[in-house]
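K.L.:
Each chain is listed here by its residues.
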Amino acid sequence: QKEVEQDPGPLSVPEGAIVSLNCTYSNSAFQYFMWYRQYSRKGPELLMYTYSSGNKEDGRFTAQVDKSSKYISLFIRDSQPSDSATYLCASLKTSYDKVIFGPGTSLSVIP
Amino acid sequence: KAGVTQTPRYLIKTRGQQVTLSCSPISGHRSVSWYQQTPGQGLQFLFEYFSETQRNKGNFPGRFSGRQFSNSRSEMNVSTLELGDSALYLCASSPGQGVSGELFFGEGSRLTVL
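Sequence lines, in order, name chains A and B. According to my numbering, the first sequence holds residues 297 to 407 in order. According to my numbering, the second sequence holds residues 22 to 135 in order.
Quick caveat, the hints were computed from the structure, so don't treat them as lab data. Warning: the hint list may mix true and false statements.
[Said to hold, decoys possible] Computed, partial: chain A to chain B, Cβ under 10 Å:
id	residue
1	Q334
2	S391
3	F397
[As the list claims (entries may be wrong)] The calculated lysine-lysine pairs, modelled on DSS-like cross-linking and capped at a C-alpha distance of 27 Å, are:
id	chain 1	residue 1	chain 2	residue 2
4	B	K34	A	K338
5	B	K78	A	K298
6	B	K78	A	K338
7	B	K22	A	K394
8	A	K298	A	K338
9	A	K366	B	K78
Quick caveat: nothing in here was measured; it's all calculated off a predicted structure. Yeah, the Cβ is synthetic: ideal placement off N, Cα and C, and Gly gets one too.
Using the sequences and the accompanying hints, generate a full structural model.
P.N.:
Spelled out as structure tokens, the structure:
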């Protein structure tokens with residue numbers, strides 16, 4: 297069993313839709329949770345970063361972490377074609393540990 | 022500020038050869054991590070270096086090795102290449118003493134093994 301799991305998709309939505317991307321993790325020691333976005337032929341870029349449980353909002357993006365159910369979510373409001381990319385969730389136990397990535401969910405936003 | 026630079030961007034090797042990949046981190050970043058990305062396995066952690074010391078290591082065979090220089094630049098080496106080593110190799114640097122999940126990735130080196 298991989299430590300971080302997510303549905304690989306692909307997920308296709310119309311422009312303007314609300315997108316929900318989800319991950320589950322198995323290691324209860326994880327404390328840091330991240331979402332990275334990766335465009336085709338590019339390296340991943342950090343999108344959202346949260347510590348422990350709770351919500352974090354940044355513009356059209358909201359990250360949620362529920363440690364009781366080991367569930368990580370990313371919501372994208374008013375999705376745009378430029379949001380078309382692969383979204384990777386990631387987790388970390390301590391700041392000196394290695395970052396573990398999920399396999400990624402491919403998202404296409406259709407104009 | 023310049024981003025993470027990886028060279029070469031593309032390379033083709035044959036089975037049994039070895040390869041060296043280079044990574045220049047963002048100026049001031051002392052932590053460098055390496056990942057292997059394949060369609061089937063996703064992003065797999067190889068190793069992380071901080072101040073020339075390997076701080077973390079993933080579950081890869083000994084054919085995969087790395088090092089970090091005093092200027093924080095890093096190299097990884099893969100010896101006795103196998104077909105399954107074909108992948109995108111990504112380097113990421115981090116500010117601060119720890120990784121803290123804040124990884125700045127380069128565009129990767131795409132290795133094809135024939």
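K.L.:
Evaluate each hint against the coordinates.
P.N.:
Hint-by-hint comparison with the structure:
1. With a cut of 10 Å, the hint placing A/Q334 at the interface with chain B holds, because the nearest CB-to-CB distance is about 8 Å.
2. The interface hint given for A/S391 is met, as the beta carbon of that residue sits about 3 Å from the closest beta carbon of chain B, less than 10 Å.
3. Taken as an interface hint, A/F397 checks out: its beta carbon lies about 4 Å from the nearest beta carbon of chain B, inside 10 Å.
4. For the suggested pair B/K34 and A/K338, the alpha carbons sit about 22 Å apart, so the restraint of at most 27 Å is met.
5. With a C-alpha separation of about 17 Å, the suggested pairing of B/K78 with A/K298 holds against the 27 Å cut-off.
6. For the suggested pair B/K78 and A/K338, the alpha carbons sit about 24 Å apart, so the restraint of at most 27 Å is met.
7. Restraint check for B/K22 and A/K394: satisfied, since their Cα atoms lie roughly 25 Å apart, inside the 27 Å limit.
8. A hinted pair counts as satisfied when its Cα atoms are at most 27 Å apart, and A/K298 with A/K338 qualifies at roughly 24 Å.
9. With a C-alpha separation of about 25 Å, the suggested pair A/K366 and B/K78 falls inside the 27 Å cut-off, and the hint holds.
Violated hints for the displayed structure: none, as all numbered hints are satisfied.
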